[in-house]
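Engineer: Single-letter residue listing:
Number of protein chains: 2
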Amino acid sequence: MNAPNDLRSLTTPRLDPRPVPPAMVEALKARFGERCSTARAVREQHGRDESPFDVPPPDAVVYALTTEDVAFTVALAQQHGVPVIPFGVGSSLEGHLLAVQGGVSIDLSRMNAVLRVNAEDLTATVEAGVTRKQLNEAIRHEGLFFPIDPGADATLGGMAATRASGTNAVRYATMRENVLGLAVVTASGEVVRTGSRARKSSAGYDLTRLFVGSEGTLGVMTEITLRLYPLPEAISAAVCHFPDIDAAVRATIQIIQMGVPIARCELLDAHAIRAVNAHDKLGLHESPMLLMEFHGSPAGVKEQAETVQAITADCGAGGFQWATTPEERTRLWAARHHAYFSALQTRPGCRAVTTDTCVPISRLAECINDTVAEVDASGIPYFIVGHVGDGNFHVGYLINPAAPHERDTAERLNRQLVERALAMEGTCSGEHGIGLHKMGFLQDEAGIGGVALMRAIKHALDPRNIMNPGKIFEF
Amino acid sequence: MNAPNDLRSLTTPRLDPRPVPPAMVEALKARFGERCSTARAVREQHGRDESPFDVPPPDAVVYALTTEDVAFTVALAQQHGVPVIPFGVGSSLEGHLLAVQGGVSIDLSRMNAVLRVNAEDLTATVEAGVTRKQLNEAIRHEGLFFPIDPGADATLGGMAATRASGTNAVRYATMRENVLGLAVVTASGEVVRTGSRARKSSAGYDLTRLFVGSEGTLGVMTEITLRLYPLPEAISAAVCHFPDIDAAVRATIQIIQMGVPIARCELLDAHAIRAVNAHDKLGLHESPMLLMEFHGSPAGVKEQAETVQAITADCGAGGFQWATTPEERTRLWAARHHAYFSALQTRPGCRAVTTDTCVPISRLAECINDTVAEVDASGIPYFIVGHVGDGNFHVGYLINPAAPHERDTAERLNRQLVERALAMEGTCSGEHGIGLHKMGFLQDEAGIGGVALMRAIKHALDPRNIMNPGKIFEF
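Quick mapping for you: the protein sequence lines, in order, are chains A and B. So for the first sequence, our numbering puts the first residue at 1; every next one is plus one. So for the second sequence, our numbering puts the first residue at 1; every next one is plus one.
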C-alpha cells in the first residue's frame, strides 16, 4: 500500500491498483452477458457518489439480479484478490463508492423486489435494491409505512450500509434500530442470514448491527428485513421562524426534554430557506425556521402541536403556520428535501462539501453558533439544515471545485467543526458514514484502540481485503 | 478440549480446566488484599446463577473497584491464559456465570457509582455494577427514568451483557437500543471506549452493539452510557382477564397492530396467577390475564386506555380493573415480578427451567397454544409469563432436580418449543442470552455460517479464549 494520504482530505486517495484480470472479466461475461459491462461511461457512473471526490472508476460493473449472482461475483473476486464495491443508486456522500483500487462494482439496483410484507407483524423483507419510496408505495395500501427518510430516494441496502437516518429519526430511530435481519454475501462468497423476524433477540453476537453501517467492507447485503409502522391516524406539519438559530435550537431542546413524541423536527437556516424559496417558488420567511411534523391520534397530534406551539412562542418564534392537507405537507417536505440541490443552484458550477456532526442536544446551540461564526468569517457560501431533534446538522460549504483554496478552506472548517463536536462528546458522522472523507476523524473519535478492534474484525472476516477496500480505516 | 456435551442439555458441560496458577493468585492478593478471595463459599457463590445447572466455581474472586482493577486482572489472566468471568448480582438464567474451566470471577458489584447524569441530554453514565433500581433512585428527582426492567434488580453491566429487556420493551425497546456507549476492558487488558453521547452515529463499525449481548466473551464492560426518558406525566395500569390464552394474545396482536404506544403488555397464565395470589395475597381472577401500563399525557393515557379496553372487550375480556395510584400499580407489578419466585414456592424443592422464545406476533397465539398442549400432556407443573407485546414469553417448568426424568422431559419440551419458534421465524432467546443452555439452539438459529462469523470475531478479539470461555458457542 502507498503511504496514506491525509485521511481527512478531499483529495481522492491513491492506493495500489488491484485491477480485474482478463480471465475474471471473461468469467463474469460468460455468466452475466450484457449484465457485465466494462464500458467507460458505465464504469465512471459507478465510480462516483454525491461527494466532491474525483472519480476512480471500477474496472467492471455487474448488474446482479439474485443473491446467487452476488455470491458468484464475490467468490470470483476472492479467488482473484480484487475489490468488490456494492452500488445502489449512488447517493452516498463520503466517497463510499469510489473504486480506489479498481475492482468490480456490483450494481444491486435491479434487485428491487419487495419479497414479503407481513402486515400483522409490521415487517417486510426486501431485496437490497428496493428504494425507500418504492417500499412505501408497496405498503401504503396495507396502512403501513417505513419511516427512515434520508432525503435521497436511496436503496434500503445503501441506507443499511451507511446506517442512515434522516428526518424521522427523532421519533422512529435509524436503520440501526429498524433492520431486523439480513442476507449477506460474505468475503468468501458464502450467504449468511442474520437476525430473525422476532422484534428482539439475545441470541449470540449482533451480526445484523455489525453489518449495518459497515459500508460494504464486511459483506454485500442482498436482502433486508425491516420493521414497519402503522400509518398514523393523523399527521400535521407546521413551520415557524425564529429571530436566530440559537432560539430555534433552544426550542428544540425543550421539545425533546419534555418528551413530546415529535416525528420530525428540522432546522433550515436563512441561506437554505432562500435557496428553497427560489427553487420551489415558496414564500417562506428568510430567517431560521423549524419544520415539524406530528403523528398520532387526532387528539394526540393536537395536544403535541399545542405543547410545541407554546414552547416555540416562548423562544420567540413567529409565523406559526399549519400544513394539514397532504398536499401542503408534501410541498413543504419536498422543499426540505430539495435544500441540497436548491443550494447547489445558488452558485452555478459549485460542489457541496457536507458536514455531518451530531452532538448531545444540550451542546447543539453552542456547536452551531460557533460553527456559523467560523464559516461566516471564511467567506465561503454555505447553508445549514439539521435534524436538530437528534443533535445532528449539516453545513453545506458551496465550493468552486476549480479553486484549491476554497477546498482547503472547506477542509479546515470541517476539521474545526468535527474537533468541536468530538470535544462535546458527539460524533463526526451522524448518518452519512465514514467512507473516504472521515477516516482520520474516525480515529480521532474512536481512538487507536477502537479502530484496532474494527481492523481486527475486518481482518478476521475479510483477510484479503476485497470488500470495498480503502474505506472507513486503513486495512 | 473435551468432546462437546449435548449443547442443549441441562447438564453442566465439563471442559478442560485452566486453573489459576499460584503465582497469579499471589499477584492478585498482592494488589487486591482482601478484595481477592479464594474461600470456598465465596467461589461457590460466584459459580452459580439462576439457571438449574450444577456449579463449577471459579478458582478466585476479585472485587473490582475501578476499571484499572479490571484491566490489571484481565492482563494478568491473559499472561497466564486463564479464564475471566464478569459477575454482577448473579441473576442470569442460562449458566453465563459458571466457571466451566475455572479461572477468575471479577465481581463488579462494588463498581456502583452513577458517574454522570446529563438531564438535558437524557443520558447517564454508570459503572457496570449499578443496578437498574439504583439508577432509577438516582435520577427520579430529575424527572427521569430508565425503563429497561428485566424483573430482577440486575446490574446494568449484566443487563448489557445479555441484551436484556423485559416488561417495558414493547415501548422503550431493549438494552440494544438504550446503550449509547461503553468502557470495555478487552482481552489484552486494554481499555476501549465505544460510542459517544450523541443519539445516533454512523462512525464505523458498531462496537457498542457488538459488546452488548456478547455475555462477557469479548470483554468486560466497566462503564455504560445509557439513554434516559422523561418520567411520563401520567401513568396508569390495568388488568383484565380472558377466557383463554388465545383470546389474550389476539387482543395483544390488535393493540400492537393499531400502533397503540402501550408501555407494558404482560401475559400471566392461570398457573402464574395462582402462584402470585398465594405469594402476594392477591385476589386476581385465576384465568389468563393481561397486565398493562400506559404512559403519556393525561389525555393520551386516557385515549390509549379506551382504545385498549374496546379491543380487549371485543376479544372477550372481563374484569377490567384500573390501578391509578402509584401504590396499586406497585403492588401489581411487584406481583408480576414475583411470579418466578412465587411459582417456585408452589412446588417445594423444585428448580425452574425457563424458556425464552420470541416469535413474530402473528404466530404468538399458535406458538403458545401448541406449547401449552405439549406441557399439559407431559404432567410437569409449569407457569407462563410473557412480554407478549414483543412476542416473547417464558414457560417455567418446575422440575424436581433429583428426578432425572423430569429434567429430561423439561429438556425435551424446551427443545420442541425452540424448534417451533425457529420454524415460525423467531428466536431461541428473546432476552436471556445463550450462556451454556442454548449453545446448540444458537447453531440451529444462526446456522453454521452465522456461528462461524461469531467465532471468527471471537478468535480475532480473544485469541486465547480467556473471556468467559465455553459460553455462546464452542471456541
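In short, the hints are calculated from the structure, not lab data. Hints may contain errors.
No distinction is drawn between identical chains; accordingly, a pair holds when it is met within one copy or between any pair of copies.
Straight line, CA to CA, 20 Å or less: simulated SDA-like cross-link-like pairs of lysine to any residue [as the list claims (entries may be wrong)]:
1. K302 x P261
2. K302 x G259
3. K133 x H337
4. K302 x P232
5. K302 x E233
6. K302 x W322
Engineer: Determine for every hint whether it applies to the structure shown.
Structural biologist: Structure-based check of each hint:
1. Both within a single protomer and between protomers do K302 and P261 lie at most 20 Å apart by alpha-carbon distance, with minima of 12 Å and 17 Å respectively.
2. For the identical chains of this complex, K302 and G259 are neighbours both inside a copy (15 Å) and across copies (18 Å), given an alpha-carbon limit of 20 Å.
3. In this assembly of identical chains, K133 and H337 lie within 20 Å of each other by CA distance solely inside one copy; the values are 13 Å within and 44 Å between copies.
4. Taking the shortest Cα distances, K302 and P232 sit within 20 Å of each other both inside one copy (13 Å) and across copies (18 Å).
5. In this assembly of identical chains, K302 and E233 lie within 20 Å of each other by CA distance both inside one copy and across copies; the values are 12 Å within and 17 Å between.
6. Only within a single protomer do K302 and W322 lie at most 20 Å apart by alpha-carbon distance; the minimum there is 11 Å, versus 26 Å between protomers.
In summary, the structure agrees with every hint in the numbered list given earlier.
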